[in-house]
Amino acid sequence: MVAGVSKNNISVTLRVWRQAGPGKPGGFVDYPAKNVNSNMSILELLDVVNDELTLKGEEPIAFAHDCREGICGTCSLMIDGKPHGPNQGVASCQTYMRSFEDGAVIVIEPFRAAPFPIVKDLVSDRSAFDRIQQAGGFITVRTGAAPDANSIPVPKADAELAMDAAACIGCGACVAACKNRSAVLFVAAKVSHLGLMPQGQPERDSRVLAMVNTADELGFGSCTNQGECSAACPKLISHDFIVRLNRDYLSASFRSAFCAHAAGSHAD
Amino acid sequence: MAKLDSRIPPGPLAEKWRRHKAEIKLVNPANKRKYEVIVVGAGLAGSSAAATLGELGYKVRCFVFHDSPRRAHSIAAQGGINAAKNYQNDGDSVYRLFYDTVKGGDYRSREANVHRLAEVSVNIIDQCAAQGVPFAREYGGLLANRSFGGAQVSRTFYARGQTGQQLLLGAYSALSRTVGQGLVQLHAQEEMCDLVVIGGQAKGIITRNLVTGKVSRWAADAVILATGGYGNVFNLSTYARGSNATAIWRAYKRGACFANPCYTQIHPTCIPVSGDYQSKLTLMSESLRNDGRIWVPKRKEDCKKDPATIAEEDRDYYLERIYPSFGNLAPRDISSRAAKRVCDEGRGVGDSGLGVYLDFSDAIKRLGEDTVRERYGNLFDIYHEITNENAYRTPMRIYPAVHYTMGGLWVDYNLMSNLPGLFVLGEANFSDHGANRLGASALMQGLADGYFVVPYTVGDYLASQKPGSRPSTDAPEFKQAEDNVTSIITRLLGAKGTHPVSHFHKRLGHIMWQYCGMARTREGLETALKEIPKLREEFWATVKVPGSADTLNQSLEVAGRVADFLELGELMCRDALTREESCGCHFREEYQHPDGECKRDDANFAHVAAWEYQGAGTDPLRNVEPLVYEAIKMSMRNYK
Amino acid sequence: MSLIGNLFCSTVGRKFLMAVTGLILVGFVIGHLVGNLQIFGHPDSINGYAQFLHSLGPLLWITRIGLLIAAVIHIWAAIALTRTNAQARGAQHYGVNRWIRAPFASRYMRLTGFVVLAFLAYHLAQFTLGYASSATFKGHLPEYTMASDFHIFGFPAVEKGHAVDDVYSMVFYGFQNPIISIFYILAVGLLTVHLLHGFQSVFHSFGWYSASWAPALRAVTIIFCIGFFFGNAAMPAAILSGWLKPAQGTNVAAQPRTALNQSP
Chain A
1 MVAGVSKNNI SVTLRVWRQA GPGKPGGFVD YPAKNVNSNM SILELLDVVN
51 DELTLKGEEP IAFAHDCREG ICGTCSLMID GKPHGPNQGV ASCQTYMRSF
101 EDGAVIVIEP FRAAPFPIVK DLVSDRSAFD RIQQAGGFIT VRTGAAPDAN
151 SIPVPKADAE LAMDAAACIG CGACVAACKN RSAVLFVAAK VSHLGLMPQG
201 QPERDSRVLA MVNTADELGF GSCTNQGECS AACPKLISHD FIVRLNRDYL
251 SASFRSAFCA HAAGSHAD
Chain B
1001 MAKLDSRIPP GPLAEKWRRH KAEIKLVNPA NKRKYEVIVV GAGLAGSSAA
1051 ATLGELGYKV RCFVFHDSPR RAHSIAAQGG INAAKNYQND GDSVYRLFYD
1101 TVKGGDYRSR EANVHRLAEV SVNIIDQCAA QGVPFAREYG GLLANRSFGG
1151 AQVSRTFYAR GQTGQQLLLG AYSALSRTVG QGLVQLHAQE EMCDLVVIGG
1201 QAKGIITRNL VTGKVSRWAA DAVILATGGY GNVFNLSTYA RGSNATAIWR
1251 AYKRGACFAN PCYTQIHPTC IPVSGDYQSK LTLMSESLRN DGRIWVPKRK
1301 EDCKKDPATI AEEDRDYYLE RIYPSFGNLA PRDISSRAAK RVCDEGRGVG
1351 DSGLGVYLDF SDAIKRLGED TVRERYGNLF DIYHEITNEN AYRTPMRIYP
1401 AVHYTMGGLW VDYNLMSNLP GLFVLGEANF SDHGANRLGA SALMQGLADG
1451 YFVVPYTVGD YLASQKPGSR PSTDAPEFKQ AEDNVTSIIT RLLGAKGTHP
1501 VSHFHKRLGH IMWQYCGMAR TREGLETALK EIPKLREEFW ATVKVPGSAD
1551 TLNQSLEVAG RVADFLELGE LMCRDALTRE ESCGCHFREE YQHPDGECKR
1601 DDANFAHVAA WEYQGAGTDP LRNVEPLVYE AIKMSMRNYK
Chain C
2001 MSLIGNLFCS TVGRKFLMAV TGLILVGFVI GHLVGNLQIF GHPDSINGYA
2051 QFLHSLGPLL WITRIGLLIA AVIHIWAAIA LTRTNAQARG AQHYGVNRWI
2101 RAPFASRYMR LTGFVVLAFL AYHLAQFTLG YASSATFKGH LPEYTMASDF
2151 HIFGFPAVEK GHAVDDVYSM VFYGFQNPII SIFYILAVGL LTVHLLHGFQ
2201 SVFHSFGWYS ASWAPALRAV TIIFCIGFFF GNAAMPAAIL SGWLKPAQGT
2251 NVAAQPRTAL NQSP
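Residue numbers (the working numbering), protein chains in the order written: chain A, 1 to 268; chain B, 1001 to 1640; chain C, 2001 to 2264.
Extracted from the complex, chain A is given alone in its bound form:
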């Protein structure tokens, strides 16, 4: 297939989920790939397969991708039952063919969840994440109204921890890996990032309530504390942030019930 410069080329079979469109029936189709350079990424292999399909007059495999360096969060392949493939802490675009044995059958599916409907083949619609973000994943700052940046000191440890959470690339692997299709690691990463910063305190309670409740409304499942999300996360975001989210959500709920509210304001 691609007689590249590498000495160790392999042959594999891609067993790919094909589905013409939303709600259409789908199924697996096998695509043998011979003489594959093991230094190519699995997305590059799909490019090559697609070019061959094009020449044969078949429709190429639709798959989501963009930056191909593991930061944009677009690529979203379920490879042999694990989001982004066999390796830890990488996105699909960073999964190289050397991770597979010669002769392997590689099963590639889209990220599946009811709130992530399939658009076509391997592409699912993850705009539900945008809606969660719109519900509260921000700090309200009018452009131009900010005080001098150094007027708000942030303890280094907090800033580092916030950065750990903020590393989320929004790919949805956490949802895809979770048996309950819970979005809680994604929500926890956002809530923790902003909740750890002093700037994020005024909206801390309303943020966590709004984001969790929106995720629920969108139809994501619940956390059963199994840690599959963290294990599948290309940025290895810690499960501990979910604990922090639970704490924030519960204390916000209790505070909204027992703390005084100014006249005219309401609980959440």
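Any given hint could turn out to be false.
[As the list claims (entries may be wrong)] Straight-line Cα separation of at most 27 Å, BS3-like style, residue types lysine-lysine; simulated pairs:
no.: 1; chain 1: A; residue 1: Lys34; chain 2: B; residue 2: Lys1506
no.: 2; chain 1: B; residue 1: Lys1496; chain 2: B; residue 2: Lys1025
no.: 3; chain 1: B; residue 1: Lys1534; chain 2: B; residue 2: Lys1506
no.: 4; chain 1: B; residue 1: Lys1025; chain 2: B; residue 2: Lys1003
no.: 5; chain 1: B; residue 1: Lys1544; chain 2: A; residue 2: Lys34
no.: 6; chain 1: A; residue 1: Lys56; chain 2: B; residue 2: Lys1506
no.: 7; chain 1: A; residue 1: Lys24; chain 2: B; residue 2: Lys1544
no.: 8; chain 1: B; residue 1: Lys1059; chain 2: B; residue 2: Lys1466
no.: 9; chain 1: B; residue 1: Lys1544; chain 2: A; residue 2: Lys56
no.: 10; chain 1: B; residue 1: Lys1021; chain 2: A; residue 2: Lys56
no.: 11; chain 1: B; residue 1: Lys1496; chain 2: A; residue 2: Lys56
no.: 12; chain 1: C; residue 1: Lys2245; chain 2: C; residue 2: Lys2160
Don't read these hints as lab results, they were simulated from the structure.
Once you have looked at the hints, place chains B and C on chain A.
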């Protein structure tokens, strides 16, 4: 011929922006909601502009071809963002940032724009910190800085190696807030395919929904393009695969001038190409050059040997040899060209012969492996992940790759193109970086344009438009533009050819890299100008685009973008050919100093070349905006 | 939403309710184990203890109703979340399913929960309500006379000579039946597996967990679960194997189970 009025406000340089802000027209708050503004693109520039304009009360629609605004390629910027905060007390100031940027751009940028950029840089950091961007901190909780190429002060703010990601997420959170509040309407997976110009003014766009294939018309009082750069003309680059020039290119074909298209930045430290399947080049942070030493074998015959077996005296540490004072830290354009030269001499390493060693063995001896791991561990991991090589044991191989385009649509001081009502922000415009961009300046420009410039200047333009004067989408210009879009789609799907789109993209990339890459010659550019039109003809005759127009069809998306690259590539070569000097990243071999440095021709080329479309088959017109330096004297860049 | 709304309607709230009720139920099974281990002592202990519990009257009923409510909420939340999760999974399942690192116990919470529930129903029927094996139910056996005073934390609870239910014999009769014993051990085993994940999970759902003391929590959980399992399994194992002989003065010593079965 287009009228290029830069509209630089009068007065002393440092006073221009303040006075301009005080003098430009405002829109009455009650009237703002009567104006509709379209923002195309949601990277740093697009999302910050959409959020700010929405917050101000305009009706804003934001279009992105991605499935979410958070995917824009601003997200991939690693290093940092410059700002003249002088938090380090090391003598930084707005003037120094301005001066470094103009000098870094080899005196080919517009002075007033750059000064404004340096002025608002401080507001950007305030804004982002308030949004919760987790910048690196000192132990006392205050912001940390690091230094970057082309500057003698520490003014770069950063968030680990993911500064672009964190700033984009900040802007995206601001955009999300306004979308949640109904102030901005977000149209994801909706690609702009044409600009609608009515009465000489930009009044709307035509889009194609990438999922349903529906082609739609959108009318507006002003259109803002923030669609990024066009480096994917080269096929292989550090850009995202989806990055494209379609929005600005089709605006160009509607009359917007394209300025300095040949200015392309080539980043020196990328992982070399390993095979023809390759889709993407990965950048390795420039910071590696702080401790790594760059070399190639002195003799060609050593190139295929195991580097460990090449004796010290048989190695050529060429950057240290040629640039003794800057050594391995020479600026990007200079290091890139030096790597190209040694590889052209046949001394390149790796299977392709297009690579140089970046060697850490001295650093490991001097500092210990642990310290090297601490400083660069994540980069060594990336390198290992991609190449399967352990850079602690064997030197890395690196090679330059296309990284940024300084050229873009021509804009005036207000960031408005020569088409009134069309604003262009960020990498899509040309104004701030001249012929070479300094590290950590791209993020600064995107956010400056979106947060702090365009919200004022759009208001100034809209104040001249009667509220409610927005045309209906039934206007004949809309129909004509829509027909244009559907005809391109029909033509692409109709060409029942023999080659996939990637075939043409790769070939275009080879031509561009060969003749319009790091070093250019008259002869090479003339060859390219013959080959590209031929390739374009072949494309339209033999391209094969499968599938239909009314579903998600990624081949069709790419085909449309490559069709535009095939035209833009030609314009880049034409611009490179007519700019008979070397400056910044534009290196013409005919114009160099004896030591191989750029030989600028300020007498004849201290100007912006803004190309104007004259219709298919007719050569574009080269308009000129002279660059007048009031505050600083043009001099030769020297990094020796 | 209000506090009640958040707790009963949101996924995080429902998990909190499961954690709270789970913790209550854990408290109960610990108390239950401690009480039952008195079978290894003099018959006065367990029979006196049972008599003491009965003498609590309304307090006992409040506890029982509280436990019932906890169990109902725990089960309701589990079912509600399971349904939500099934909906979230959607109709199309993955072609390849695999676990990455979910602990073994966590994968079978529903299964272990339901088996434990089924066992609990039988267990209550047998030892509390007397519906199953009614011949050996405490209420149907001759009463036992206390051989000495019974104290709870040093306070006198039941006097010597008092006639009380012979719980001691009921337990012996029950566990002398191999089917009951084996089912009991099996059920306790599954409950232990349920707790192995459930106990740690409580800390997650409360928001009291962190990687820094996760190993300690894990160790505590494992020690607790081992103790819990062996404590519970010891009774049927000791009785069934005949290692623990019935004490004199009890019904079961006077009339072994085999004799009881043969009597008309």
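Restraint check for B/Lys1021 with A/Lys56, where alpha carbons must lie at most 27 Å apart: Violated: B/Lys1021 and A/Lys56 sit about 60 Å apart, past 27 Å.
Pair hint outcome, B/Lys1059 versus B/Lys1466 [Cα-Cα no greater than 27 Å]: Holds - the C-alpha atoms of B/Lys1466 and B/Lys1059 are around 15 Å apart, at most 27 Å.
Agreement of B/Lys1496 and B/Lys1025 with the hint, judged by alpha carbon distance not exceeding 27 Å: Not OK: B/Lys1496 and B/Lys1025 at ~54 Å, beyond 27 Å, violated.
Holds or violated: B/Lys1544 to A/Lys34, with C-alpha atoms at most 27 Å apart: holds (23 Å)
Pairwise hint evaluation, A/Lys56 against B/Lys1544, where the allowed Cα distance is 27 Å at most: holds (10 Å)
Distance restraint between A/Lys56 and B/Lys1506, which requires alpha-carbon spacing of 27 Å or less: With a Cα-Cα distance of about 20 Å, the restraint between A/Lys56 and B/Lys1506 holds, given a limit of 27 Å.
27 Å limit on alpha-carbon distance, applied to hinted pair B/Lys1496 and A/Lys56: This hinted pair holds, its Cα atoms lying about 12 Å apart.
Holds or violated: C/Lys2245 to C/Lys2160, with C-alpha atoms at most 27 Å apart: Answer holds: C/Lys2245 to C/Lys2160 is near 23 Å, not above 27 Å.
Given hint B/Lys1506 paired with A/Lys34 - CA-CA distance at most 27 Å: Between A/Lys34 and B/Lys1506 the Cα gap is close to 22 Å, so the pair holds against 27 Å.
Holds or violated: B/Lys1025 to B/Lys1003, with C-alpha atoms at most 27 Å apart: holds (22 Å)
Holds or violated: B/Lys1534 to B/Lys1506, with C-alpha atoms at most 27 Å apart: holds (15 Å)
27 Å limit on alpha-carbon distance, applied to hinted pair A/Lys24 and B/Lys1544: holds (26 Å)
When held up to the earlier numbered hints, the structure conflicts with 2, 10 and fits the remainder.
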